[in-house]
Amino acid sequence: MPSLVTAIIKPFKLEEVRTALQSVGVLGLTATEVQGYGRQGGKTETFRGSEYKVEFVPKVKVEVLVPTSEVDEVITVIARTANSGKIGDGKIWSVDVAKVMRIRTGEFGDQAI
Amino acid sequence: MPSLVTAIIKPFKLEEVRTALQSVGVLGLTATEVQGYGRQGGKTETFRGSEYKVEFVPKVKVEVLVPTSEVDEVITVIARTANSGKIGDGKIWSVDVAKVMRIRTGEFGDQAI
Amino acid sequence: MPSLVTAIIKPFKLEEVRTALQSVGVLGLTATEVQGYGRQGGKTETFRGSEYKVEFVPKVKVEVLVPTSEVDEVITVIARTANSGKIGDGKIWSVDVAKVMRIRTGEFGDQAI
Amino acid sequence: MDSGSLTWVLVSAALVLFMTPGLAFFYGGMDRGRNVLNMLMMNFYCVLIVPLLWVIVGYSLTQGEGNFIGTLDHFGLKGIGILGEDAGGTLATIAFLGMFAAITPALISGAVADRMKFSAWAIFVPVWSLVVYVPVFRWVYGGWLGDRGSLDFAGGTAIHVNAGIAALAAVGVLGKRKGWPEEGHPPHSMPLVMIGTGILWFGWFGFNAGSALAANGQAVQAFMNTFLAAAAAGFAWCVVERVRDGHFTNLGAASGIVAGLVAITPAAGYVSGMAPIAIGVVAGAICCYAVRLKNRLGYDDALDVVGVHFVGGLVGSLTIGFFANPEYFGADFMEGLFYGGGVKLLAEQALANLAAIVWSFAVTFGIMILLKKTVGVRVSEEAEVEGLDLSEHAEAAYH
Amino acid sequence: MDSGSLTWVLVSAALVLFMTPGLAFFYGGMDRGRNVLNMLMMNFYCVLIVPLLWVIVGYSLTQGEGNFIGTLDHFGLKGIGILGEDAGGTLATIAFLGMFAAITPALISGAVADRMKFSAWAIFVPVWSLVVYVPVFRWVYGGWLGDRGSLDFAGGTAIHVNAGIAALAAVGVLGKRKGWPEEGHPPHSMPLVMIGTGILWFGWFGFNAGSALAANGQAVQAFMNTFLAAAAAGFAWCVVERVRDGHFTNLGAASGIVAGLVAITPAAGYVSGMAPIAIGVVAGAICCYAVRLKNRLGYDDALDVVGVHFVGGLVGSLTIGFFANPEYFGADFMEGLFYGGGVKLLAEQALANLAAIVWSFAVTFGIMILLKKTVGVRVSEEAEVEGLDLSEHAEAAYH
Amino acid sequence: MDSGSLTWVLVSAALVLFMTPGLAFFYGGMDRGRNVLNMLMMNFYCVLIVPLLWVIVGYSLTQGEGNFIGTLDHFGLKGIGILGEDAGGTLATIAFLGMFAAITPALISGAVADRMKFSAWAIFVPVWSLVVYVPVFRWVYGGWLGDRGSLDFAGGTAIHVNAGIAALAAVGVLGKRKGWPEEGHPPHSMPLVMIGTGILWFGWFGFNAGSALAANGQAVQAFMNTFLAAAAAGFAWCVVERVRDGHFTNLGAASGIVAGLVAITPAAGYVSGMAPIAIGVVAGAICCYAVRLKNRLGYDDALDVVGVHFVGGLVGSLTIGFFANPEYFGADFMEGLFYGGGVKLLAEQALANLAAIVWSFAVTFGIMILLKKTVGVRVSEEAEVEGLDLSEHAEAAYH
Ligand SMILES: Nc1ncnc2c1ncn2[C@@H]1O[C@H](COP(=O)(O)OP(=O)(O)O)[C@@H](O)[C@H]1O
Ligand SMILES: Nc1ncnc2c1ncn2[C@@H]1O[C@H](COP(=O)(O)OP(=O)(O)O)[C@@H](O)[C@H]1O
Ligand SMILES: Nc1ncnc2c1ncn2[C@@H]1O[C@H](COP(=O)(O)OP(=O)(O)O)[C@@H](O)[C@H]1O
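Residue numbers (the working numbering), protein chains in the order written: chain A, 1 to 113; chain B, 1 to 113; chain C, 1 to 113; chain D, 1 to 399; chain E, 1 to 399; chain F, 1 to 399.
Fair warning: there could be bad hints in the mix.
What the hints assert, rightly or not - Only pairs whose alpha carbons sit at most 20 Å apart, straight line, appear in this in silico EDC-like list of lysine to aspartate or glutamate: (1) K43/B <-> E16/C; (2) K78/F <-> E182/D; (3) K43/A <-> E327/D; (4) K53/C <-> E70/A; (5) K86/C <-> E327/E; (6) K78/D <-> E381/E; (7) K99/B <-> E15/A; (8) K43/C <-> E70/A; (9) K53/A <-> D72/B; (10) K43/B <-> E327/D; (11) K78/E <-> E327/F; (12) K86/A <-> E16/B.
Keep in mind the hints are simulated off the structure, nothing from the lab.
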């Protein structure tokens, strides 16, 4: 049974995370530009002298399907690479997946990843 | 065990939802611009006199990790704030999460949220 | 109990997939522009004579809430329509959903879809 | 007109035509992405309808006898040819002035952004042009205000003060945008704003220096003044922001440049030396504070037409009373205070602007009330939320 | 050439140079985001290769004796100096005309958008310039068509009809885009379209009024006509859309403006008074319907080169037969129908366009067939889906 | 100055003013989306502060006696009027040259992109203008280098070589961007780059042909040369890329056009016939390779100011030694090698550039070191990662 590991990370860490995952044998992933709100707080922009608070900061969401047995390793790898020690580094979570299929071949399960 | 609550809402409701969640103690969330297709139907644009139907309408997806015990409250809060009573207000769903980790500290579980 | 079916597909297949799902009675879905990394490999751009590899290729993520009983049908329909037989056609997976609610009406469960 | 001057007037006219798209981008970039096309359309619409109105009837009404309004002698350009010694000089001037007529109502669009019904705007523009712009233009150029001795080189009173105060009247009737002022309305594309700014500055050389209607020393001086006042005002606005808010901003630079251009408009052909720098610095600093008035006073002038065009135009027009330098015109106009002329010119400047303000505000208010009672001036709340591009024009800016 | 006229020709030449980028943005904004760079490149390419061709051989072939083609007497600008009384007037004119030569093939790019191999385009442009543009230009200006008395002030027949019909021939060989017409192809950036529109209108003053090749009354009249026809056509297009489809649209305004500019191009120096407004209204309304022909007839003219340039150019050229006003030129050219001239001029206009249409269509079709059989004219289906920016240019427009 | 020439100088000045925004978009589009406003601001800032500096003291320091620096006789434009026979010709020229002064430091911004503190830039610009630009300008025009016989029509040495080598000195002190060169820095908006390119080419006609300071044959020749060299260089760059890398690219076309414009700048008024094509081809091909030097030599010249402006300017300036054609100027300047003039002119060209290079590099390096030791020249690493738009200007380009 595969799992889906999702991580919210800082955008400039994406390249590093991708490379690190690749080096532990992860062959694919999907990334999405998202907006994060959290302890990190937003940023302040000015507009003709009026300040306004932008509550959301840009983040990237990384989604990786992995065999459940590898979830811990993948989480560790992401955590290590995405960590800058500063507030706003993000979260990682995993969810059990009921079914996975590769569209091209119709394969199911861990083979499909 | 935490859960992941996901909501598809109308974009202009995001700010209200964020504030409402904040007021019930939700400290973080992740928002994504998405395109929704549903009962609401799309919109019609014109282009040199030819009309074409744009099936998708802009929506925002809100994802919140919460302790499972708080799922119902969070759903209620989102539903209340995002409701405009009009078609297209969106959906909320929750999923059980196997593991959660905060990248910065390495904490797991409800503390990581 | 509903499930959430997620598919990563090639962008130009979105319209076809939407229509196919509609024809089997799926009334709504949510689409997101994402960046995919996988076996397909990236593309090479040039910039004043220097080549650089863009590892990610544009994909679309389709998310559909369906009654669990229809998961297999929906997966089959998506797979059939999104298949071009070429590398990079993408993945489909499903996850069990704990709760679903329609914001407008407050309905829960399969009715909410 | 000799061929050099003819070329100058034609080039200037083309430059001023280019300013309306420039203004559209300046405003449109500041707008949100779901309203940008409505903004562009409000501006482009002006340059479609007003030129026709201008050559058919508007120009004629600014000419001939009459202290308050001209005649219909040149209805449909009757009697205007290109032959003879004039060699088309008059026709060239009419084209040049037609560009001014087109951009003036366009200035107002920045105030009513994000909520005005396009059908109301489509009626507002021609009506306003005829009953506000044309008479005020006449008063200032060849009518009772000009005759009394007030000065307005390229349209400080006739254009910027006029449109700026009309903008205030219009938003008075229209009301605030949903969510204003709590919600921020950040510019959806600052590069588009800066494209507009570049075009505006470029075009404004035609606007001001072209108003000499000849390639002569006065045109050169107006050119130099346009250059220096814009730079000085942009710099001043940036410095105020840096000191007050901590940053040099692009929007500050752009706003300051425009404020300086507005302020030098009435004065461009009457001042010299370092005066344009002084005018620019004053205008830049004052407008940088003036754009905040709306928050204090509670009128929703979306893109600061009042703070930049009304205030900037007024500042510029009044500074003529100090800096006017008769050297440039022959002795038949009054000196400014700093050139020994006393307060007479300053008083005339004040009077001219006052007259324009009263007329423009009152009549604009009246037009808007009439529109409100008939076609309605405001889009539905739903349309406002969804964005006017889609609801009013069935278009989307980006795909 | 006197210094005023020299300045006017140089300024006009610069304005026309600016039009090719303007056209690129007008088209590029209408294109989808994955093909926009291919569109820009097709346009910019014209302004890289054609100027070289023009000064080396093209210009010369439009000059000298010869009803159908000129000579090689001025090969490599031989014999063209800047000294003497002419003071560079001829060289300035050659530069001015070089800008026209560059933009003409660029017009065609809008039709073949989204699917043409860039290598084929790279060959098409110089070949087409030499075997289609240069001869037709010669016929119209100084060759057999012009000699018979037909009129084309700034290139209605020689440029717009010529390129417009060539576009039809080109897409005839090229075929439809995958998914056309079922799939909509919405403009990826309307602000970019409007930037292009603004630049085009601005530049077109040089195109038309510069074609007087002097700063004189005819230039002024051409300028005014360019102003009014564009406004009138933009307005007419918008009104048709409002009545027919329910909205004023930006793309309608932009398309109407361009249609009006195209239509007034041949007529600009021959008509006067309110005639440009009439021409604009007619062209705007007709083109607004003409762009729908492709759906009915099934040719995939992606960005409506046929509907706007061919139809607009033809309409404008034929209206000369009605509105031509000999007052503007001396008596050595024919009057239009409305000025008592009978149908003679109209017949000549029809003949001139017919000749251009036949030659341009046939030869363009031939070139495209040859290209198809050799390098191929169409990108792979995969490349079409992925977008031409990446497949043809290894670039992406936005990051 | 006669009215035709006056018009030409004014139009040219407006065109050059427009180039600074053009440059801002050219650079800004190439930058990433989180640094684009910083880039625009660096450019717009130049056109706010330098004009004031120029009329107050800069212009004066380029005039009068003095081989190395002028005098303060015209401090604050003292003694410059618009009356008399000159009719404002001098004042027009001062405005025209003020545009040059503004754009020169702006060129440097492309090199220091993405990492320079804006406060350091705000000081750098006026200081550099006074201690580098003004003296070098003086040497070349009316000072010791010009007196020896070297030629620089519109600022190849004084502007492009000068700013280009200063850029190298500046990045020498500033250091590389985080992640350079491993990380690619793709242009965030190629359409913005092409908008900049279009504006630059358009404006450059004023830059080069306006430098004749009259509407005469030399202006026409400079105009034609500007047209042809840009086309030829753009074409050459594209061909090199096609052959070497496999594709025609938009960025290649744009870069080539700019390289050609840079190269023809010093030569525009001294060469003729097919020479501009030769100069363009050489410059386009050489610069296409020169932009790769930075990777080999390890200096992070972000947007290739060295490879395009320094190398292009140098190539153009040296080609004068071959192609200079005295026909254009009267006999009081030297012939190029190909016109029988021997290597004398070439040697003078080399010397002039060497002098400019040494002075500019050394003084710029000194200024940067001083800035580094005082206000600091580099933003924090965090700010660099987050983007300078937000950290330096509290603005975001797109919402
Ligand atoms: N409860 C949550 N649910 C979903 N996403 C969250 C949640 N809390 C934080 N995030 C995401 O993680 C990012 C970082 O969180 P933040 O609280 O700022 O810092 P940290 O992760 O260091 O505690 C946020 O920008 C947001 O995208
Ligand atoms: N079955 C579904 N799966 C996933 N998302 C859905 C589904 N149905 C609707 N949505 C999302 O919810 C949004 C609103 O749904 P819609 O059917 O238009 O209105 P309502 O929620 O009021 O019934 C859609 O735009 C889409 O994003
Ligand atoms: N392990 C994975 N986890 C998440 N998404 C994946 C994974 N592998 C592939 N994908 C997504 O599926 C897309 C297609 O995968 P790819 O390996 O290129 O081809 P194929 O699906 O044909 O094997 C990728 O671009 C990526 O978006």
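Now the hints, each set against the structure:
For a cut-off of 20 Å, the pair hint linking K43/B to E16/C stands: about 19 Å separates their Cα positions. Proposed proximity of K78/F and E182/D is contradicted: the alpha carbons are some 51 Å apart, above 20 Å. Taking the CA atoms of K43/A and E327/D, the gap is near 54 Å; set against the 20 Å cutoff, the hint is violated. Among the hinted pairs, K53/C with E70/A is inconsistent with the structure: their alpha-carbon atoms are about 28 Å apart, more than 20 Å.
Between K86/C and E327/E, the direct Cα distance comes to roughly 69 Å. Violation of the 20 Å bound is thereby established for this hinted pair. For a cut-off of 20 Å, the pair hint linking K78/D to E381/E is broken: about 60 Å separates their Cα positions. The hinted pair formed by K99/B and E15/A fails the criterion: a straight-line CA distance of about 24 Å is larger than 20 Å. With a C-alpha separation of about 29 Å, the suggested pair K43/C and E70/A falls outside the 20 Å cut-off, and the hint is violated.
This hinted pair does not check out: K53/A and D72/B have alpha carbons roughly 30 Å apart, beyond 20 Å. For the suggested pair K43/B and E327/D, the alpha carbons sit about 63 Å apart, so the restraint of at most 20 Å is broken. Our distance criterion of 20 Å between C-alpha atoms is met by K78/E and E327/F, whose separation comes to about 15 Å. A C-alpha spacing of about 28 Å is found between K86/A and E16/B, which places the hinted pair above 20 Å, so the restraint is violated.
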